[in-house]
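Q: This is what each chain is made of:
Number of protein chains: 2
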Amino acid sequence: MRIQVPLRHATRLLNHGPTVLVTSKAEGRANVMAAAWVMALDFDPPKVAAVIAEGTYTRELVERSGAFALNLPTVAMAGVTHAVGSASGREEDKFARHGLATFPGSTVDVPLVLGCAAWLECRVVPEPSIRERYDLFFAEVVAAWADDAVFSAGRWRFGDLATRTIHHVAGGAFFATGEIVGSERRRDA
Amino acid sequence: MRIQVPLRHATRLLNHGPTVLVTSKAEGRANVMAAAWVMALDFDPPKVAAVIAEGTYTRELVERSGAFALNLPTVAMAGVTHAVGSASGREEDKFARHGLATFPGSTVDVPLVLGCAAWLECRVVPEPSIRERYDLFFAEVVAAWADDAVFSAGRWRFGDLATRTIHHVAGGAFFATGEIVGSERRRDA
Chain A
1 MRIQVPLRHA TRLLNHGPTV LVTSKAEGRA NVMAAAWVMA LDFDPPKVAA VIAEGTYTRE
61 LVERSGAFAL NLPTVAMAGV THAVGSASGR EEDKFARHGL ATFPGSTVDV PLVLGCAAWL
121 ECRVVPEPSI RERYDLFFAE VVAAWADDAV FSAGRWRFGD LATRTIHHVA GGAFFATGEI
181 VGSERRRDA
Chain B
1 MRIQVPLRHA TRLLNHGPTV LVTSKAEGRA NVMAAAWVMA LDFDPPKVAA VIAEGTYTRE
61 LVERSGAFAL NLPTVAMAGV THAVGSASGR EEDKFARHGL ATFPGSTVDV PLVLGCAAWL
121 ECRVVPEPSI RERYDLFFAE VVAAWADDAV FSAGRWRFGD LATRTIHHVA GGAFFATGEI
181 VGSERRRDA
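First to last, the sequence lines map onto chains A and B.
Everything in the first sequence is counted per our numbering, starting at 1 for the first residue and increasing by one.
Everything in the second sequence is counted per our numbering, starting at 1 for the first residue and increasing by one.
The hints are simulated quantities; they were obtained by calculation from the structure and are not laboratory data.
Incorrect hints may have been included.
What the hints assert, rightly or not - Per the computed footprint, the stretches of chain B lying under chain A, defined by three or more beta-carbons under 8 Å from a beta-carbon of chain A, are:
id, stretch
1, 13-26
2, 36-45
3, 128-139
4, 162-168
Cβ atoms here follow ideal geometry from the backbone N, Cα and C, with glycine treated the same way.
Only chain A is shown next, with the shape it has when bound in the complex (with noise of 0.2 Å):
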């Protein structure tokens, strides 16, 4: 099920560093694209900094709209984020073309993929020097959501492979988030 998680707890969904899918509108259309150069920037307000490259086609409606989300995609969906990592959008409708399902943001009009682990909704805080010079973005979290199979009462709960986040290697390769380690670990033996 789906659930609220409250910005005090937003960065901890990134924490960990996973690969994500970049979701954005415009002018009625959307897309989606993948992206590892994605990490949390501050925890209150709760910010982002992803670089979204020049000459893409999420690059061209995150300008216009001001807004997009982070989708954490799972092991089960390792291989579609490859596939919309390595087309562009302003060619073919990437969610038709993969199959991918969407349900609406509740705070920014973007469309967040279903089947993730998790959800942030972001705006644009505008810094068009360093968004020219380094394709970088922030953005302020403005609603965070997450699959509570795996993530509730402000912690990751990872069990089956399958519904693991994905940290990406190079060429298609990810590895999924591993299992716990250091004090957590034991706290909870």
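Assemble the complex: chain A is given as a structure, and chain B must be docked to it using the hints.
A: Coordinates of chain B only, in the frame set by chain A:
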């Protein structure tokens, strides 16, 4: 054995979103802290972006020297990674306190932590307004190294759990980098 990683492959050390140890040195004093909010920013020349909070001793040393290094700790080092992220180097020498041995950077005057999976020596690209407003540093990777037991020929090749990189969750808990999924698994099969 420690091998040099060609700069064109340097971003591959960070694509999967590992938590790092940030080492720094200025005027003869060195420090180490943990950071999860670090990512690749560009391929060529390779650049990184890292959040280094105001008020930290690392911030002071990095501002003075214009350099830092990113060290990728392993599962075996999860405890010490949490420990150096929970105390300030202003009060104590965290290397001595936690038994962290180092070797000198090849290109920047910063110590690198022995036992890590990989290392990136970085020179700050000054962006004062971004640093002041977001605690964010941009840096060019000027040398990169890896332990060839886990990274060789441009690829991660993790085996035993203890040698894997880690991904911060919260409060001393980390995920190990997990198994490989996606097309590379199929290619290897």
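Q: None of the hints should be skipped; say for each whether it holds.
A: Going down the list of hints, with the structure as the test:
no.: 1; hint: 13-26; result: holds (count 5)
no.: 2; hint: 36-45; result: holds (count 7)
no.: 3; hint: 128-139; result: holds (count 5)
no.: 4; hint: 162-168; result: holds (count 4)
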